[in-house]
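Put chain Z on the given structure of chain L with help from the hints.
Order-wise, the sequence lines are chains L and Z. full-length UniProt numbering puts the last residue of the first sequence at 663; the count rises by one with no breaks. full-length UniProt numbering puts the last residue of the second sequence at 107; the count rises by one with no breaks.
Hints are computed from structural coordinates only; laboratory data are not their basis. Any given hint could turn out to be false.
[Said to hold, decoys possible] In silico DMTMM-like links for lysine to aspartate or glutamate, alpha-carbon gap of 20 Å or less:
hint, chain 1, residue 1, chain 2, residue 2
1, Z, LYS80, L, ASP3
2, L, LYS439, L, ASP427
3, L, LYS481, L, ASP312
4, Z, LYS80, L, ASP55
5, Z, LYS80, L, ASP9
[To be verified] Here's a subset of chain Z near chain L, in silico, CB distances under 10 Å, partners left out:
hint, residue
6, LEU34
7, VAL84
8, GLY106
[Unchecked claim] Pairwise CB distance ranges (calculated):
hint, chain 1, residue 1, chain 2, residue 2, range
9, L, PRO54, Z, GLY95, 17 to 25 Å
10, L, SER253, Z, GLU54, 39 to 47 Å
11, L, ARG325, Z, ARG91, 51 to 59 Å
12, Z, THR58, L, GLU255, 46 to 54 Å
13, Z, SER79, L, ARG609, 30 to 38 Å
14, L, THR277, Z, HIS102, 22 to 30 Å
15, L, ARG325, Z, ILE101, 47 to 55 Å
16, L, ARG644, Z, ILE101, 17 to 25 Å
Backbone N, C-alpha and C fix where the C-beta goes; we use that ideal spot for every residue, glycine too.
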Amino acid sequence: MTDVRRTIDAVWKLESAALIGGLTRLVRDVGLAEELAQDALVTALEQWPSSGVPDNPAAWLMTTAKRRGIDHMRRAERLTRRHEQLARELDQPRDVEQRDVEHHDVQHDDVLRLMFLSSHPVLPTEQRVALTLRVVGGLTAAEIARAFLVTEQRIAQRIAAAKQALSGVPIELPEGASLAERLSSVLEVVYLIFNEGYSATAGDDLMRLDLTLEALRLGRLLAELAPDEAEVHGLVALMEIQASRSAARTGPSGEPVQLHEQNRGRWDRLLIRRGFTALLRARDIGGPPGPYVLQAAIAVCHAQARTAEDTDWRQISTLYDALVRLRPTPVVRLNRAVAVGFAQGPEAGLALADELSTDRTLLDYHLLPGVRGDLLAKLGRPAEARVEFARAAALTRNAAERDFLLRRADELGTAAPVVTLGQAATDFLARDDLDAATKRSYAQTLRRLCSALGDRRPLESLTADEIAAVFEVAWGDAAAKTWNRHRSTVRSFGAWAALPDLPDLPHLAAMVERRVESSVRTPGLTAAQLERLWEFEVPVRERTLWRLLHESAAGVRVVLSLNVEDLDLDDRRARVAGRWVTWRSGTARLLPVLLAGRGRGPLFLADRRPGPARPRAAADLCPDTGRGRLSYERAEYLFKRATRALDPAGQGHTLRQLWSGRR
Amino acid sequence: MRYLMMQMATEHAPDERLFAEMGRFIEEMAASGLLLATGGLDAAGTRITSEGDEITVTDGPFTEAKEVVAGFALIEVRSKEEAVELGRRFRRIVGDGESRIHQVFGP
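Here chain L stands alone, though its shape is the one from the complex (with noise of 0.2 Å):
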């Protein structure tokens, strides 16, 4: 029985790509496509264990899930002619055994639609990984979940909400420009679920190599496919390499071992042959080089070197600034300064790895302060080496990699015994005469700091300039008021830390200036823009929050605050927290419908019940239908989303702006 359980799941996973592309070509619909296939195989489940595995596995799902389609049109009669072709295809049954030529071609077809539709820019990306993972490769939402350390549940509903954005999306093969735009998001979704398994972003293990084979399968099935895309072989000699290092990667221990110690007799040369055959194929098709191309070669220049010491770092450099031009992200960018670091010496590396300092996105990303650990190591700066290893080990989410940065920093031979940053942090905020509140929004200030500038980093080696550049860099476009919040956090911080002996305090102070709040910050909407507004398709929550936001001209957190209980419907008017929030007749036309009958419990509710991970308190729960109360940060962001269209700017706007407009 378990036997044939097992059997069952290897035909689907071999065969699904193929018979839900075959289905989704006949049916027009990718979710439909898959509920068929998933039917036929549930009858497979129920059939199979006492009949046997029948002779030609993929033969038999394909013509059970025809037949369900079928069924399944004759019920809904507007697909009528649908129904006939499905029909006819199943008069003339077509054996695997007897495949023909052509009938392959069109099955290679098939399944090339589903990749390009199963990763479709209209989808975010999360439901594009998901949905390939489940009709391309045949993964059921269990493995997605257990892969990508979510529950079982979200990965069931991306799928749901992917197959529900395609109904409709043309399912034809795209051609021209749009292709290689297309192709494209295919070779993302590729490699995201590659990198995803090859450098796991989270969790225990460095690597979960179930993913990095997935996504080597779907490589190498897509240059079957679309043999004449430079690009794709490009993609697939990266990730051969890649992943041919996957042994040496690890240490004993399961701790990562960077590249140029990687012991290479441990690579696997079989997928170096293969990575070697593909980049010839890419570079064979010729055409400028794109950037799976050039990461390509840069992974070939690896793998090429006999010894780290034998490696072309000159090369790779030179690899690095064609792919720079071509995708300038601040990840390429560190990488580039890696090579430059071995080609030039670390003083070049370094220069260019603090140009990334200031830059935003990598503020929290452990890598930048790990290539500087290593470029001051190598400069023979152990003590500023030690601080960037732990700050980039405090940056991590994956356990092994920070064991190793802590080791390193550890290496460097111990600090001497001073106080640092962290230290001090913890202590200010241990003091017994602060306030909740004041305690929580000095931590918030003084986090930022320890992760930006090091919590092992000596106190007394702070300097002004560094301090205002986390102020901008972090900060830079926050709110005046915010601003002013955290300076004087760390204005106070440093006087409690005796910082005034440093000489260049009151420099700090003179850089990082006090900002003027002004009162009227942001600019409420305009009557037109309001009119606008209250025109909007939204959900009746929504539409009550912002009419009562506007009506009431009370806090965005008070009126989130609201219990139904609160309400006082007749006189249009409710208390909380010691007063009183009044609404005129918009809100009183739309409140009966929110509450629909409900007596309890918050008034604005959340979309879903919270999940097991994040319990609320009794008082933030609904009775009747479990759901939590609609957080301050889902009701900024759906009304920003919502307004973006009346934004000049695009951005959209905040729930203030509802009411201060009026004052």
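Here is chain Z on its own, set in the frame of chain L:
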């Protein structure tokens, strides 16, 4: 996980139809990203045995044709069942005879 599939030699010579079907099967395995390497092996081969200090080198062919490996395919699959399923498909193409499947550890 990787598996080495080995086909034992048979007495009947392959015909053109078999070659075509094999070609297509191999192409499909390569296309689905499963096939890492494949090849046929010279039936004769050379046997090297050692006993004590003595190493003997014997050129084939050897008498027991059934034990001769005629070809191999190195595949990368998600489970043993997938390897077995591919083995089944292969056997269906080539007819009577024997294959062996071994999981490959390493590299």
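Status of the hints after comparison with the structure:
1. Using a Cα cut-off of 20 Å, the hinted pair Z:LYS80 and L:ASP3 holds, with the two alpha carbons roughly 11 Å apart.
2. Taking the CA atoms of L:LYS439 and L:ASP427, the gap is about 12 Å. The hint holds against a cut of 20 Å.
3. Between L:LYS481 and L:ASP312 the alpha-carbon distance is near 52 Å, which puts this suggested pair outside the 20 Å criterion.
4. For the hint linking Z:LYS80 to L:ASP55, the alpha-carbon distance of about 19 Å falls within 20 Å, and the restraint holds.
5. Distance hint between Z:LYS80 and L:ASP9 is fulfilled; the C-alpha atoms sit about 11 Å from each other, no more than 20 Å.
6. About 7 Å separates the beta-carbon of Z:LEU34 from the nearest beta-carbon of chain L, less than 10 Å, and the hint is met.
7. Interface restraint check: Z:VAL84 against chain L, minimum CB-CB distance 7 Å, threshold 10 Å, status holds.
8. Interface restraint check: Z:GLY106 against chain L, minimum CB-CB distance 8 Å, threshold 10 Å, status holds.
9. The beta-carbon spacing between L:PRO54 and Z:GLY95, approximately 19 Å, falls within the hinted interval of 17 to 25 Å.
10. Checked against the hint of 39 to 47 Å, the pair L:SER253 and Z:GLU54 passes, with Cβ atoms roughly 44 Å apart.
11. For the pair L:ARG325 and Z:ARG91, the beta carbons lie near 53 Å from each other, so the given range of 51 to 59 Å is met.
12. Distance hint check: the CB atoms of Z:THR58 and L:GLU255 are about 48 Å apart, consistent with the given range 46 to 54 Å.
13. As the Cβ distance of Z:SER79 to L:ARG609 is approximately 36 Å, the hint placing it in 30 to 38 Å holds.
14. For L:THR277 and Z:HIS102, the Cβ-Cβ distance of about 25 Å falls inside the hinted range of 22 to 30 Å, so the restraint holds.
15. Look at L:ARG325 against Z:ILE101: about 49 Å separates their beta carbons, and that is inside 47 to 55 Å.
16. One distance hint, 17 to 25 Å for the beta-carbon pair L:ARG644 and Z:ILE101, is violated here, with the actual separation near 57 Å.
Going through the hint list in order, the structure does not satisfy hints 3 and 16.
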